[in-house]
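Whole structure, please, built from the sequences with the hints as guidance.
2 protein chains.
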Amino acid sequence: MVLPKEIPSSAENDMDSQTLSKLPISSILIIIAMQTEALPLVEKFQLSEDQKSVFPKEVPWVRYHGTYRNLQINLIWPGKDSALGVDSVGTISASLVTYASIQALHPDLIINAGTAGGFKAKGASIGDVFLVSECAFHDRRIPIPVFDLYGVGLKQAWKTPNLHKELDLKVGKLSTGDSLDMSAQDEASIVANDATVKDMEGAAVAYVADIFKVPAIFLKAVTDIVDGEKPTAEEFLQNLATVSAALDQAVTRVVDFISGKCIHEL
Amino acid sequence: MVLPKEIPSSAENDMDSQTLSKLPISSILIIIAMQTEALPLVEKFQLSEDQKSVFPKEVPWVRYHGTYRNLQINLIWPGKDSALGVDSVGTISASLVTYASIQALHPDLIINAGTAGGFKAKGASIGDVFLVSECAFHDRRIPIPVFDLYGVGLKQAWKTPNLHKELDLKVGKLSTGDSLDMSAQDEASIVANDATVKDMEGAAVAYVADIFKVPAIFLKAVTDIVDGEKPTAEEFLQNLATVSAALDQAVTRVVDFISGKCIHEL
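In order, the protein sequence lines correspond to chains A and B. Using UniProt numbering, the first residue of the first sequence is number 1, and each one after it goes up by one. Using UniProt numbering, the first residue of the second sequence is number 1, and each one after it goes up by one.
Calculated directly from the structure, the hints in this document are not laboratory data. Be a bit skeptical, because a hint or two may be false.
Stated by the list, open to error - Okay, derived cross-link-like pairs now, DSS-like style, lysine-lysine, Cα gap no bigger than 25 Å in a straight line:
1) A/Lys120 <-> A/Lys170
2) B/Lys165 <-> B/Lys261
3) A/Lys230 <-> A/Lys122
4) A/Lys230 <-> A/Lys213
5) A/Lys213 <-> B/Lys57
6) B/Lys80 <-> A/Lys213
7) B/Lys213 <-> A/Lys80
8) B/Lys173 <-> B/Lys122
9) A/Lys57 <-> A/Lys80
10) A/Lys52 <-> B/Lys213
11) B/Lys173 <-> B/Lys230
12) A/Lys170 <-> A/Lys44
13) A/Lys213 <-> A/Lys173
14) B/Lys230 <-> B/Lys22
15) B/Lys213 <-> A/Lys57
16) B/Lys22 <-> B/Lys122
17) A/Lys159 <-> A/Lys213
18) B/Lys52 <-> A/Lys213
Here is the structure:
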């Protein structure tokens, strides 16, 4: 955390975490899985691509960074798979970039933004942007006591009552799995998770953020209706560009709201 | 890589990777997801637990290390989940420890050892230890061209023809997913992957090892027959201790074989 100028730098060592948490948020880490979702925000916040990566040279992860309204913004996109050339989507890449970014960049707050499938039975429509209340996995079934809970991996998002009040975002629970489609078992787990939106990264970001006790919030924009008529992949590709625009607008409003506030004012 | 004593240390900078790969393997990273599987090997190789962790203080990952037959051995167990107290199994923890261990320890070779489900239709029996030829995922279904291949994430294990000849281990393909049970969709993907054994970590270790071009081999011991009569969880728990002993014996034989050899002699 960069200290505001009026506080002498020697005070840093004396401040406990409670005091630190009353300082305005200074560094945000935005994690976005797909380039299509990320690039409009890179432009909006006028971020620059890293010339000398903070990550090992072997990984495809891309960092964009800059300052926007007194916030130091790092936007990380896991990049293209080096062999196949597609976005490195899913929980493994998401957990790795979250881990490495926390180590390298020490953010005050993580924002995981991305597109998602939505359930119309739970009130989701195409283009809705959800502020996530909690995340869990729906494809880690381990039917052994306690391991079953580990598999579900329920994590609360950072509570943001004021953000919720100020912005008119819908609120819902997120369920994460590594498949774009949904099997009958996935569906049963998603229902058990009481989820309104379904993505491929959120709970993985939440897992790593929780280990390091970094507050994390999740913005998920609905590209396809999972319990609707159209096949997910087709609907997802059809709506990706336009829904990404809605997502980016929501992220901008959230970042504008965050600027100047401390973590407990969100 | 630690250089053998007869080579002057100044030669290191001049050696290309081809020359380096002709030197005996000096550092092995063993990744094991469960404590029950790990502890007998810690004793066998007389490894010590890290006093000052090479990992961030927040993670539960445990490193055991020591020297055995001129090999520097690091055995990493992802530890107990801090909230739930169970082993941190599955692909996310496996990928994180593989990443962080490669960064901190620069191993010449990774051995991922663990228990697995086996398919009797493909020749697996309880207690068999398989040397894995290739790894893929069975629970990352992304039905979009090229993304589908990314989801499957097929990676070759390091080729070890001499190790195979010397030790009488069965050879088979491994399929990885985050569930202990198997849904109909999982089964279809496992059949498509032509897998004989099914685990919860292998392909994740392979993914990260491949990014950093660290050779990796996989030893998987069969605790339960997936296409058999008994429920997986019950059979797994019943056989975990005895099959772990068979696994540990196999890992010891593999490490004994590796000692003194270069990576291309395996």
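Outcome of the hint check:
{"no.": "1", "hint": "A/Lys120 <-> A/Lys170", "result": "holds, 13 Å"}
{"no.": "2", "hint": "B/Lys165 <-> B/Lys261", "result": "holds, 15 Å"}
{"no.": "3", "hint": "A/Lys230 <-> A/Lys122", "result": "holds, 17 Å"}
{"no.": "4", "hint": "A/Lys230 <-> A/Lys213", "result": "violated, 39 Å"}
{"no.": "5", "hint": "A/Lys213 <-> B/Lys57", "result": "holds, 12 Å"}
{"no.": "6", "hint": "B/Lys80 <-> A/Lys213", "result": "holds, 17 Å"}
{"no.": "7", "hint": "B/Lys213 <-> A/Lys80", "result": "holds, 17 Å"}
{"no.": "8", "hint": "B/Lys173 <-> B/Lys122", "result": "holds, 10 Å"}
{"no.": "9", "hint": "A/Lys57 <-> A/Lys80", "result": "holds, 14 Å"}
{"no.": "10", "hint": "A/Lys52 <-> B/Lys213", "result": "holds, 21 Å"}
{"no.": "11", "hint": "B/Lys173 <-> B/Lys230", "result": "holds, 23 Å"}
{"no.": "12", "hint": "A/Lys170 <-> A/Lys44", "result": "holds, 23 Å"}
{"no.": "13", "hint": "A/Lys213 <-> A/Lys173", "result": "holds, 20 Å"}
{"no.": "14", "hint": "B/Lys230 <-> B/Lys22", "result": "violated, 47 Å"}
{"no.": "15", "hint": "B/Lys213 <-> A/Lys57", "result": "holds, 12 Å"}
{"no.": "16", "hint": "B/Lys22 <-> B/Lys122", "result": "violated, 36 Å"}
{"no.": "17", "hint": "A/Lys159 <-> A/Lys213", "result": "holds, 13 Å"}
{"no.": "18", "hint": "B/Lys52 <-> A/Lys213", "result": "holds, 21 Å"}
In summary, the numbered hints that this structure violates are 4, 14, 16.
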